[in-house]
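Okay, here's what each chain looks like letter by letter:
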Amino acid sequence: MSRVRLYLSNDTSSCAAGAERLAEAWRQRSDVELVRTSSRGAFFLEPMVERDSSDGRLAWCHATADDLPKILAGDGGIPVSSIPFLSKQTRHAFATFGVTEPLSLEAYRAYGGCAGFRKARQMSPSAIIEEIKTSRLRGRGGAAFPVWKKWEVAATTAADRKYVVANADEGDAGTYCDRMVMEGDPFRLIEGLLICARAIGAEAGYIYCRQEYPVAAACLRAAIRAASEAGWLESDGQPFPIEVVSGAGAGSYVCGEETALLESLEGRRGVVRARPPHPAQSGLYGRPTIVSNVLTFATIPNILARGGAWHASMGTEGSRGTAVLQLGGRVKQPGLIEVPFGLTLRQVLDQFGQGMADGARLKAVQVGGPLGSLFTDAQLDIPICFDAFAKADAILGHGGIVVFDNETDMLELSRHLMAFVADESCGKCVPCRIGSLRAREILETVQRGQATEADLSLLTELGDTMKAASLCGLGARAPYPVLSALEHFPVEFRNRMRS
Amino acid sequence: METFLPNALDDLLIRARPAQGAPPNILRVLHAVHDLCGYIDPRAIPAIAHSQGATEANVAGVLSYYPSLNTQPAGRHRIQVCLGESCLANRCVRVVEAIQSKLGIELGQTTPDGQFTLEPVSCVGNCAVSPGVRIDGELNGRVRPSDVAGLLDRYR
Amino acid sequence: MSDHVAMTIDGRPVSAHAGDTVFAAAKRAGLTIPGFCSSEHLAPFGSCRLCVCEVEGQKGTPASCTTLVQAGMTVRTRTEQLARLRRNVTELLLSEQPTDGTLPAALQELAQSVGLDHVRYRQPEVRAHIRDSSNPFFIFDNTSCISCARCVRACDEIQGTFALTMVGRGFGSRPMAGASGYGETATGFATSNCVSCGACVKECPTGALIENTVQEHGHPTETVRTTCAYCGVGCTFDAGLRDGTVVTMVPADDGPSNHGHACMKGRFGWTYIYAEDRLKQPMLRTGSTWQAISWDAALDRLACEFTRIKTEFGPDALAAISSSRGTNEENYLFGKFIRCVMGTNHIDNCARVCHSATVTGMMETLGASAATNSIQDLDHATLIMVVGANPTESHPVIGARIKQAHRRGVPLIVIDPRKTELARLATLHLPLKPGTNVALLNGLGHVMAKEGLLDRAFIDTRTEAVDDWLKAVEPCTPEWTEQITGVPAGLIREAARRYATSGASLCVHGLGVTEHRWGSHGVMTLVDLALATGNLGKPGTGINPLRGQNNVQGASDVGCLPTFFTGYQPLNDPALGGLHQAVTGRPLPTKRGMKTPDMWDAALAGQLKGLWIIGYDVAQTDPNLTKVHEALRRLDFLVVQDLFMSETAKMAHLVLPGAAFLEKDGTFTNLERRIQRIRKAVDPPQGVLPDWQVVCEVSTRMGYPMSYRHPSEIMDEIAQLTPMFAGVSYDRLEPPNGLQWPVPASGHEGTTLMHRDRFPKGKAHFVGVDYLPPGESPTDEYPFTLITGRILQHYNCGAQTRRTDILDVVGVDALEIHPEDAARLRLAEGDLARLVSPRGHAILPVVLSERVQLGQVFTSFHFPASDVNALLSSSSDDQSRCPEYKLSVVRVEPLDGTALGAGDERELEAGQVRLIT
Ligand SMILES: Nc1nc2c(c(=O)[nH]1)N[C@H]1C(S)=C(S)[C@@H](COP(=O)(O)OP(=O)(O)OC[C@H]3O[C@@H](n4cnc5c(=O)[nH]c(N)nc54)[C@H](O)[C@@H]3O)O[C@H]1N2
Ligand SMILES: Nc1nc2c(c(=O)[nH]1)N[C@H]1C(S)=C(S)[C@@H](COP(=O)(O)OP(=O)(O)OC[C@H]3O[C@@H](n4cnc5c(=O)[nH]c(N)nc54)[C@H](O)[C@@H]3O)O[C@H]1N2
Ligand SMILES: Cc1cc2nc3c(=O)[nH]c(=O)nc-3n(C[C@H](O)[C@H](O)[C@H](O)COP(=O)(O)O)c2cc1C
Ligand code: SF4
Ligand code: SF4
Ligand code: SF4
Ligand code: SF4
Ligand code: SF4
Ligand code: FES
Ligand code: FES
Ligand SMILES: [Mo]
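Protein chains in written order, with our numbering: chain A, 9 to 507; chain B, 41 to 196; chain C, 3 to 919.
Treat the hints as calculated values from the structure; they're not laboratory data.
No residue lacks a Cβ here, since even glycine has one placed at the ideal position from N, Cα and C.
Take these hints with a grain of salt, some might be off.
Not everything, but these chain A residues come out facing chain B in the computed CB check (under 7 Å) [to be verified]:
| id | residue |
| --- | --- |
| 1 | S21 |
| 2 | A25 |
| 3 | G182 |
| 4 | A226 |
| 5 | Q246 |
| 6 | P249 |
| 7 | A258 |
| 8 | K340 |
| 9 | P342 |
| 10 | G343 |
| 11 | Q374 |
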C-alpha cells in the first residue's frame, strides 16, 4: 500500500495547539508518511495538516484525528497559497517555514541555505562588513543598532580571542520568532553566526537560549551536530565550536540585556555592566564579542547571498528589510508576520489579525514587550518603523504585538507590568531597584482607593527619573507602558482615587 | 553537614572542576546540580564552591539571583502557567484561579501531598496559542478554565 | 598616562587624563560631582546614579562615573534637570531607610545638599533588618546600606578574597558575607573566608559597614599620618584620633606602597597600645620577684652594670641586639652606643634570623642587598615568580596586588612546598621538597642554558663569571632535579621557559629561601637566574626579598650588624674610620662583632656577661630554645626593653618599658627601600620614653653624652656618615612618598629601580653553587618534616597581636597535617598532637589541611605556650648564620587531651582554630 505523505508542524506552539496529538494518533498508521516540518506561523489555523498536490500544498486547518480519512481522500483541503494571512506576507527570513524539515541539511541547502556563507568564505572580513553596511541592517533584538558598526568595532579591536553570541533569550512576552527560528530553521542561525565569526575573526560561538525553550535548545544541538558532521563548523582547518547554553538565564528577564547576558554566560549573577566598554570591545571574558539577536543572525545569510543592496531595497528610510511581527492577545488571527517595514500598525492588525476575537473590542495594543508603550485605537496609524516608534516614545522592540480588549483593567495591567519590572530588576541601580517598587506601591495605593492626585504626579515624576537615570533599558523603559496607560486611560485611574 | 552530600552529587562536582587555568562557571554547575537533584540544597554550597575554586559568597550570590533555581524540592509535577501579556490578554488569570481552586494552593506553592507545584512563568513563546500551561514540560495551548480539571487528572 | 585631554566641565576648561571618567576628571579639577558608588580604587560601576551629567551632543543623562572623557567634550553637571534627577534619586535612597531618625550621616548630608526636605512616598517598604556583628572589628547593618556593592567590589577588586557578594535581586538585593543568607545571617563574616582587611569598610559610603571602635567612641576628629609598624610593606595610615586616643587606623590613598589598602593587623591590630598589661614602669628582678623602680634608678643601674662589666671583662663581654621593630634613628643610636661607648661591634638585629642570607647572597652577587625594584613594578611585570614566600599572609597588601596582577592575566609561578593561596591560583606551582631550593633553581638554570634562553647581551655587558654558574647547572637536568626536589621535570622545563621568555619576570622571595641550611646559596642561585635572563635593572623585573619586620631593612641599613657600619660600609675602611672619629668623637671599632647565635655560644662559654636587647623576643622566637634560655640564664646582666613582659623580658634582670610606634617620631624603611615617617599621634603611657631617649640617657650616664632634641637630628647624622643616605632629611621625607635609597645627594629623588646601568661593583657576579642536603632528613624515628612560618592573623612572637581582638579570630598555633597522614595517625580535626624532635617537644591542636604535602607538617610560632621553637635545631646557613627554621624532623603522636596536667597553663582550645586556608 502506498503511503500518503502528510506535513505537520513540529513547532512548540503547533504542538500546544494539537499537532502533537495528531502525530501521536497517526504515528502507527501504515498508510501515512508523516513529515514534521517547521511552522508557517499561521497559528490561528493550527493544527494544520498539509499534503502535496498539483496546486502546491493543500492545507486542512484545525485538523482533528478524525479528519484523516478526509485528508487521505484529498477532500476539503485548501491551497496554502490561498491563505491571505500567508500570501500577503513577504517572507525572506521565514521563507521556508512550514515547508522544510528543520533538521534536514539537504532541505536547507535545497532551498538556498549555505549560499550566504559560501559567498562570505570568498570575501575578506572587511568586505563582509561592507556588505552588511550596504544592507543597512539594524539589530532586531530591540535596540536597533546598525549591525555593521558593532562588527567593525569587534573586527578592529585587537585581542587574543573573540566571540559571537546569539541572544536567544527572547524574554519579551508576546514574542516568539526567535523560538521559531531555532526550532524551525536552526541552520540559518548557525550560518549567520559563522558569517559573523568570519567577519570579526571569532574563535567560538555561544547561543544563549532561555530556559523556557527546551525544544529550541534541543533542535539547535542537533543542528550543530549535523553541521559539524557536514564539515561546516570549520574554516581553513580552524574549528569553530558553537555551544548552546540552555537555561542560563534561569528565569531572569534582564539576562536578555546583552551585558547581563554575558555575566550570566560567565556563570555569574546576571547584573548589568556599565558601558563603555561595549561588548564589541570587551565582552565575554573581557574579549571583543558580538552579541546579537537570533533574528538578526538569521537575516544575515540572505543578505550575503542576495547582496546588501537587495536588503536595503526593502522597508523605510531608517528601517530596511522586513519586519518580523508576532501577533498575540485578543486578535482573531494571531501568528507570525513578515512584511517590509512601513505598513501601519492598523494595517497589520486589520490585514493579518483580521480584527478582534469574537465579541471583543479593542482597548489597547502593546508593542515591543512588557516595556513597550500602549497604543489606543486612535494611534494605530503609526508606521512600523524604528524611527517612527522612537519619535512616538514607543519601541518596536522585538516585534511583539499584544492586543488587549475592552475587559482589560488598565490599572491592574499597569500594576502587573510594574510589578514585573520590580521582580525582574537586577537591583544594581537606584532608579530601577527602588523606583520600580515605589511605582508599584503607588499603583497599589490607587487600587486600594487610597491615592490622591499628588500620588499620581509623584508617579509621573518618578517615571521621568527612571527614564533618565536608569542604567539599562529595563528601568529606563519601565515607566512607558504605565505612563501611557495613565495618559490614555486617565479615568480608570482617577475613578479609583480617594475622594 | 559533611555527611549531607549524596554520592551522585559528589561525582558531579568532581567532574565539574574547571580545568587548570580555566575560569569557573558557577551557574553552569548550579544548573547541573538542579538537574540532578531537582533543587539546590544550600547545604551543598560549600562543596559547590570548593569544586569550582570559588568562594561560598560567589555561589550564594549566583544561587540567590536566578528565580528558577529552587532551594527547596518541588512537587512531583511542575505546573507552569504563563503570565505574559498575550496570555494575560487571553485571560490566563482565570485559568490560574481554576488551578488554584482545584489544588488548593497559591502560585509558588506545592500541594501538601507533594504532587503538584504551581509556578508562574513569563512567556513560553506560545503567545499565538495562548494562554499556555506547561505541565512537566508538556505545553498546552488555548487553555480555558474549564479544561483545567481534565488536564490535571492526566497527572494523577 | 601622560596623555592629556582638553575638555570643558561646567564651563571650565579641564585637562583630563586620557582614560579618565568624567567623574574622576572633574574631581581632579576640583569640581566634585555627587556620587556614592564610584571609587578611584574600583572599576567604573554606575549604580547610584547620583553623578548623572549632560554631555553636549549626546542624548540623555549618563552617569559621569562611567562616561569616559573625550577631547573637546563639553559636560554639564549642575543643570536644573540634573538637580531634579539627583533630588529624586536621593528621595528614593531615603525612602528605603528607617524613619526613626537613624539616617546615615552621609545620606543626611546628601539630602541637604540636593535640597530634599521630605520623602513623598507613603509607607514605603524599607530595607530588611539584617545585622552581622560576627566580625570582631566591624559590623554590617543592612538598614543603613544603599546596596551600592562597593564593599563587594572592594573585596573582589582590591583584596581579591571574594568573601562578599550581592545577594538576591531587585529591591531586596544587598551585600552579604559568605553564604550566610542561606543560614545564620548574623554570622556571615565569621563563617566566611573574610580576612578582615577592612577594604569593604573603607569603601562603604554610608557607614553600613563600620568599625566597632567608631561605633563605641565616635568618629575621629583629627588624623595623624604614619606608617604601619608590623610588616615590611610599610603601609601608610592615617591614625584617627578622638579625645586624645586612637579610634581608627585607616590606610591612606596616597600611601606609596599600599594605595589605600591594608591588612587585618595594621588596620585593626593596633589596640595593643591600650592593653592593660603594657609595661609602664621599669622593673627589676631579684630571683623570682619583680619590683617596679623609678626611671632614674633603672637607668643608673644599667649604666653601672655595663660599666662594671666593661671594666672587669673588657668590651667583648658586652653585646646588644637591636630591634628591627624600632625606628632607623633608634637603631642607629643603639649602634652608636655599642660602638662608641662599649667599643665593640657586638650588635645584631632580627635580620639575622630572617633575611641575613639575602644580605650575604645579594652582596656577593650584586653588591647590594635590598629589593632591586619597587612594589609598583608588580604592575609592570609580565610574569611574577614567588619563591618561598607566602605574601597573602605575610605581606597581605603585596599579596593582594599579586592577585590583582593574576586576575589581569599575568602568569604566576609559585615555588613552595605548600599549596599556599597563591600556589592555588598559580599558573605553575612547583611543590618542591623543603630544603631543595638550590637544586630546583639550578635545574631551571639548566633548562634555560640548554634551550638557549639566556640573555647573552646582558650577560656579556653586565656580568662576570657566568662560566662558574654554567658549570654548576650543567649536571642539573630536569630529571635529576625531579629526583632531588620531587617537582616533575615537565613543570621545571615549563617554568624555566616562561621565566626566561616573558619579557619582564619579577621575582619575590621569602624565608623559604633564606631560613635554610644553605640559605645564602639559595639566594645566589636565584640571583643567577635573573642575571642569566637579563631580568635585572629593568622595570617589572628583579630580585625582591620580601623583608619581614617593619624596619628590618632599616635596622641593617643603619648599621645594627656586627659586620657592617651604616649603609653596609666595611668596618675596616680607613676613610670611614676617619669620618666616624670626626663626627662622633670616638673611633670606629674595626673588629667584626658577634652574630646573635655566636652570642649564645659566647654566653654559654662564659665570655659574654652583659646583654641589652631591645624589642626582640629571642626566648620565644630564636631556634633551639633550650639552648637560648640556658645562654640567657648564664648572663650576669640582661636588660630587655619592650612594650610587654615578653618571654625574654621574663628572664631579664632589668626590664624597661618602650614606647609604641603611635607614640613616637622617626622613620622606618620598608621592603622596597622606602624611608617613611612615623609620627607621634598619642602620648606614651605616663613616664614611658621612646627607645632612643633611653639610649641617650644611658650613654650620657656612661660618660658619652648624647643630646638630640628630635629624631630628625639623628637622621641628619646618619646622612652625614652614609653615602647612600646623604640626601635624606626629614623635610624631604615630608611628602607622602618618602624616599627610596640610595639617595646619594640632597637633590637626588631616590631610587625606585636599582642597577639600571651598573652594579655597585661595576659588574654583577655569577656564583655557581652545588646542591647540598639540608641539616637533617627524616628518619624512622622522626618521619615528618616540620615547616614553620606565619599565618595571616598573628605576628611573630605575638606579643602585639595576641593583645588585640585578633585573638578572637585565631587563638592558637595549630598543626597543619595532610588528611591522609592524620587518618593514618588517627588524628581528627581539633585533636591534640604531640610533636617530638631530637631537641624537644610541643603540643598543638591539629588542623587537617591539603596545604601541606604528605609527610610534611606546618605550624606557626606566634604563641609562647606552643613552644614550637624548642623543637628546632641550631643548624644555620654557613655564611649568614640564618637559622634553618624551615626544616626540622619530627614525630607526630596523638595525645589524649586528659593527659594534660591540670596546672598546664596552655590554652589549647582547638575549637578556636580557624585557619584561613
Ligand atoms: N601575618 C604575618 N605577617 C608577617 C609576619 C608574621 O609573623 N605574621 N612576620 C614578618 C616577618 S618577620 C617576615 S620575615 C616575613 C616572612 O614572610 P614569608 O617569607 O612569607 O614567611 P614564611 O611564611 O615564614 O615562609 C614563606 C614560605 O616558605 C615556604 N618554604 C618552606 N620551606 C621552603 C623551601 O625549602 N623552599 C621554598 N621555595 N619554600 C619553602 C613555606 O611553605 C612558606 O609558605 O613576614 C612578615 N610578615
Ligand atoms: N619557628 C620559627 N621561628 C621564627 C621564624 C620562623 O619562621 N619560624 N621567623 C623568625 C623571624 S624571620 C623573625 S624576624 C623573628 C621575629 O621575632 P621577634 O623579633 O622576637 O618578634 P616580634 O614580634 O617582631 O617583636 C619582638 C618584640 O618587639 C616588641 N616591640 C615592638 N615594637 C617595639 C618598640 O617600638 N620598642 C620596643 N622596645 N619593643 C618593641 C614587641 O612587643 C615584641 O615583644 O622570629 C623568628 N622566629
Ligand atoms: C531588559 C532588556 C532585555 C532584553 N532582552 C533581550 C532579549 O531577550 N533578546 C534580545 O535579542 N535582546 C534583548 N535585549 C537587547 C540586548 O541588550 C541587545 O541590544 C541585543 O541582544 C543586541 O542584538 P541586536 O543588535 O541583534 O539587536 C534586551 C535589552 C534589555 C534592556
Ligand atoms: S520615521 Fe517615518 S519617514 Fe522616517 S523612516 Fe520611519 S516611516 Fe519613514
Ligand atoms: S535599570 Fe534595573 S535592570 Fe537595569 S541595571 Fe538598573 S536595576 Fe538593573
Ligand atoms: S574585610 Fe576585606 S576580606 Fe573581609 S569582606 Fe571586607 S574586603 Fe573582604
Ligand atoms: S554595605 Fe556600604 S558599601 Fe556595601 S553595599 Fe551597603 S552601602 Fe554599599
Ligand atoms: S600589609 Fe604589612 S604594613 Fe600593611 S597593614 Fe598589613 S602588616 Fe601593616
Ligand atoms: S505571553 Fe504567554 S506564551 Fe507568550
Ligand atoms: S557615582 Fe556614578 S553612578 Fe554612582
Ligand atoms: Mo623576619
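Hints the structure violates: just list their numbers, smallest first.
Per hint list: 4, 5, 6, 8 violated.
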